[in-house]
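**Q** Protein chains in written order, with the working numbering: chain A, 1 to 634; chain B, 1 to 201.
A few of these clues could be false.
As the list claims (entries may be wrong) - Straight-line C-alpha distance at most 30 Å; calculated DSBU-like pairs for lysine-lysine:
1) A:K627 to A:K543
2) A:K573 to B:K187
3) B:K180 to A:K573
4) A:K602 to B:K122
5) A:K55 to B:K30
6) A:K392 to B:K3
7) B:K90 to A:K340
8) A:K352 to B:K3
9) B:K180 to A:K633
Just so you know, the hints here were simulated from the structure itself, not pulled from any lab data.
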Amino acid sequence: MKELTISSDAPGERLFVLGNEAIARGAIEAGVQVAAAYPGTPSSEILETLAGVAKELDIYVEWSTNEKVAFEVALAASICGVRAMACMKHVGVNVAHDALIMASYLGAKGGLVLLSADDPWAWSSQNEQDSRYIAEQGYIPILEPSSVQEAKDMMAHAFELSEEFKHLFIVRSVTRIGHARSDIVLGEMSRERRRGYFKKDPSWLVYTPVQARKNKPLMLERFEKIGKAVNTLPYNQLRLADRAKLGVIACGLSYSYTLEAVKWLGIEDQVSILKIGTPHPLPKELVVKLLNSVGEILVVEELEPFVELHVKAIAGEANIPVKIHGKDLVPVIGELSTRKVTEAIARLTDSKPPVDFAELDKLEQETAPLLPWRPPALCPGCPHRASFYAIKLAAKKVAREHGKDVEPIYPGDIGCYDLAYNPPLEAVDIQICMGGSFGIANGLAHVVEAPIIAHLGDSTFFHAGIPPLIDAVYNKANITMVILDNSATAMTGFQPHPGTGYTATGDETIQLKIEDIARACGVKFVEVIDPFDLKKATETIEKAIRFDGPAVIVSRKLCTVIELREKRERKEKVIPYYIDQDKCNIKCDACIELLGCPAILKQDGKTIIDSSLCTGCGICAQICPYKAIIEEKE
Amino acid sequence: MIKEFNILISGVGGQGVILMSELLGKAAVKEGLKIRGSEVLGMAVRGGSVTSIIRIGDEVYGPLIPLGKCDTLIGMEPSEALRNITYLSKSSLVILNTAATIPFTVSLGQSKYPSLEEILEKLGNASGRIIKLDAAQTAQQAGSSLTTNIVMLGALFGTELLPISIETIKESIQARFPAKIAPVNIKAFELGYQACHRALK
Numbered sequence: 001m002k003e004l005t006i007s008s009d010a011p012g013e014r015l016f017v018l019g020n021e022a023i024a025r026g027a028i029e030a031g032v033q034v035a036a037a038y039p040g041t042p043s044s045e046i047l048e049t050l051a052g053v054a055k056e057l058d059i060y061v062e063w064s065t066n067e068k069v070a071f072e073v074a075l076a077a078s079i080c081g082v083r084a085m086a087c088m089k090h091v092g093v094n095v096a097h098d099a100l101i102m103a104s105y106l107g108a109k110g111g112l113v114l115l116s117a118d119d120p121w122a123w124s125s126q127n128e129q130d131s132r133y134i135a136e137q138g139y140i141p142i143l144e145p146s147s148v149q150e151a152k153d154m155m156a157h158a159f160e161l162s163e164e165f166k167h168l169f170i171v172r173s174v175t176r177i178g179h180a181r182s183d184i185v186l187g188e189m190s191r192e193r194r195r196g197y198f199k200k201d202p203s204w205l206v207y208t209p210v211q212a213r214k215n216k217p218l219m220l221e222r223f224e225k226i227g228k229a230v231n232t233l234p235y236n237q238l239r240l241a242d243r244a245k246l247g248v249i250a251c252g253l254s255y256s257y258t259l260e261a262v263k264w265l266g267i268e269d270q271v272s273i274l275k276i277g278t279p280h281p282l283p284k285e286l287v288v289k290l291l292n293s294v295g296e297i298l299v300v301e302e303l304e305p306f307v308e309l310h311v312k313a314i315a316g317e318a319n320i321p322v323k324i325h326g327k328d329l330v331p332v333i334g335e336l337s338t339r340k341v342t343e344a345i346a347r348l349t350d351s352k353p354p355v356d357f358a359e360l361d362k363l364e365q366e367t368a369p370l371l372p373w374r375p376p377a378l379c380p381g382c383p384h385r386a387s388f389y390a391i392k393l394a395a396k397k398v399a400r401e402h403g404k405d406v407e408p409i410y411p412g413d414i415g416c417y418d419l420a421y422n423p424p425l426e427a428v429d430i431q432i433c434m435g436g437s438f439g440i441a442n443g444l445a446h447v448v449e450a451p452i453i454a455h456l457g458d459s460t461f462f463h464a465g466i467p468p469l470i471d472a473v474y475n476k477a478n479i480t481m482v483i484l485d486n487s488a489t490a491m492t493g494f495q496p497h498p499g500t501g502y503t504a505t506g507d508e509t510i511q512l513k514i515e516d517i518a519r520a521c522g523v524k525f526v527e528v529i530d531p532f533d534l535k536k537a538t539e540t541i542e543k544a545i546r547f548d549g550p551a552v553i554v555s556r557k558l559c560t561v562i563e564l565r566e567k568r569e570r571k572e573k574v575i576p577y578y579i580d581q582d583k584c585n586i587k588c589d590a591c592i593e594l595l596g597c598p599a600i601l602k603q604d605g606k607t608i609i610d611s612s613l614c615t616g617c618g619i620c621a622q623i624c625p626y627k628a629i630i631e632e633k634e
Numbered sequence: 001m002i003k004e005f006n007i008l009i010s011g012v013g014g015q016g017v018i019l020m021s022e023l024l025g026k027a028a029v030k031e032g033l034k035i036r037g038s039e040v041l042g043m044a045v046r047g048g049s050v051t052s053i054i055r056i057g058d059e060v061y062g063p064l065i066p067l068g069k070c071d072t073l074i075g076m077e078p079s080e081a082l083r084n085i086t087y088l089s090k091s092s093l094v095i096l097n098t099a100a101t102i103p104f105t106v107s108l109g110q111s112k113y114p115s116l117e118e119i120l121e122k123l124g125n126a127s128g129r130i131i132k133l134d135a136a137q138t139a140q141q142a143g144s145s146l147t148t149n150i151v152m153l154g155a156l157f158g159t160e161l162l163p164i165s166i167e168t169i170k171e172s173i174q175a176r177f178p179a180k181i182a183p184v185n186i187k188a189f190e191l192g193y194q195a196c197h198r199a200l201k
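Pulled out of the complex, with its shape left as it was, chain A reads as follows (with noise of 0.2 Å):
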């Protein structure tokens, strides 16, 4: 029997996967034909599946150079009367803003569906950020799932839906949604591919005020039409239990929670239960049933109190007298928990946890000084730690020449190299979003006296690093900027960008290279180095930080971890370093305090390298000086 996949035809049959490929599966099964994104976890995955199957099935699949790109791709196609989607993380919804908003007056034609993952806790993020408050602004339905099933079933009736109702949707996706794994079963799989027809309408595409006006009207149309149609989706349902004296509206992932709370509590038959699969538009009906019935509502959401607010105004504009509750009992900050949601059903009805959490927080604070701080680090052999050396190196030299309180300021970028903020590189002053190490660059030439350099990776320069660097140039910032260049999209999982050379779906294209950029946008000072041959990148970022105007410098060397992947393909071997223990200063420690390698260890009092851990890259042996650290022999 051949063994299931993410694109069987197999209706009926189960399947064990990650959140997010249960929602690129959902997007096949509704016969999608244009997907884009930009990569950004915990999204990242739904693009990577549905490249993996693009051939196979004829579906167009690109990474785009931003979110805004994608988007646009997307909508194109929805105009043209295909479906189409674009995914991204809550923070790259920021950056297709603008056009996410007049989409919503477009509507659509092919089923068009945004699916935007927040990530309460920023476990991978810059922030917390609820994206249903932009979809409110923006009069666009969301669809949020309560399990990865749902997640998958959501996404393919999101393309019908969009085609029904003429409008764009959105699918809200949680960390723990997208990167849940479930057994889920496969639904039909649409194969109808249609032809994109670009009708001329400028009434409807082209967006002067008059046509806002026009369009308006039309777009608030369309969205009371869902905001009825709503109450009657399988994702919004109301369980009233007789002896209700509490309702619990409980919205996406929340649901699963409430449900293990009550049955944890044992309290099943005493409260009653609203599942909102529809936070925006609320299903209106259906709020209004359950305030009628209960004394008490408790809102629970992850983030923001967006359903909170809703139902509370839902229940003054009804005149309800209903006492509701949500952020003051459920955390605002966060994910949410079994334990979160159980606690607050507690106190609303008298009952008791059978677990006690007190006696579980106070085992925690206990064994809290116990634990070693185990930071995510740049790998062993990354080629970003030897460019924050040289950076340092070099800045801290030009520095003391200005006198000897300057300090060279470092802002820094979404990436990797975020890891280096860390002791002790600490080479991150200020990190705020894709691209903002060049724009606060650009900021700080025309406020403060001291060298600025910038850095980001080469992805992030392709998805908003141009702009702010031809802002340098027009404006005359005296900064420089630094690209570490590794040839991947890394911390997101090596996904492929313009200047590789290959696209999403692994066909060769035209390779873009920084340096081209920078020079053609006016840059007088544009070298690449590579950051393992120390020395000579010290020289060349000193010339950079030197120079007057501002200056680029390319730091290119690919990621390590993609380079022992292809070493081992190619069946090489990576030849560690050792340090000789009659030479190492056992006092000295620069090994360890300047680069904080994962690979050199304490250990019985002596410094040793990890040979499994080493990748060879001979940083450290190019700084000990005592020459006491020596490649292994063949």
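With chain A held as given, fit chain B onto it using these hints.
**A** Okay, now just chain B, sitting in the frame of chain A:
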């Protein structure tokens, strides 16, 4: 009805924690079981702490194990097992790989690594039973140090607590690895199984 059974696997990026969950999940689905779970990826894979959760049972809904409701904690690394102590109760079983992975912050003098005795004492007080294994050494014995995770997976099955048959999980392992290295992994699984089985007798 299949009763709720919660497994938490804790370790360090690079130890193959996620692969263990995948193998478990695939085998469980083959047996017709309902599965829920989740993991933290992204930042965490760069040498940081990794946890993966697998929950089996007809009335399991959420992707996370409620505190105090972990049935089996698989500690791929002692301090990482300790980090998840609040999931344990007196009816929990801990299977612990005793080989420590010391984080670089210890070399930098920014944090301390607790002694194995301290870790065992804490885990012992919080759980019902601990089974200690030198999984790295057992993996060597099987033929490859890369099979430590499969040794620990074998140990999990050695408890005979799971509603998944040995044949099914072995099929999953066979299917996951290339023909050349599948036998080493099967051997690792068997050694882990036996070690745990012996310890429980």
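**Q** What are the numbers of the hints the structure violates, in ascending order?
**A** 6
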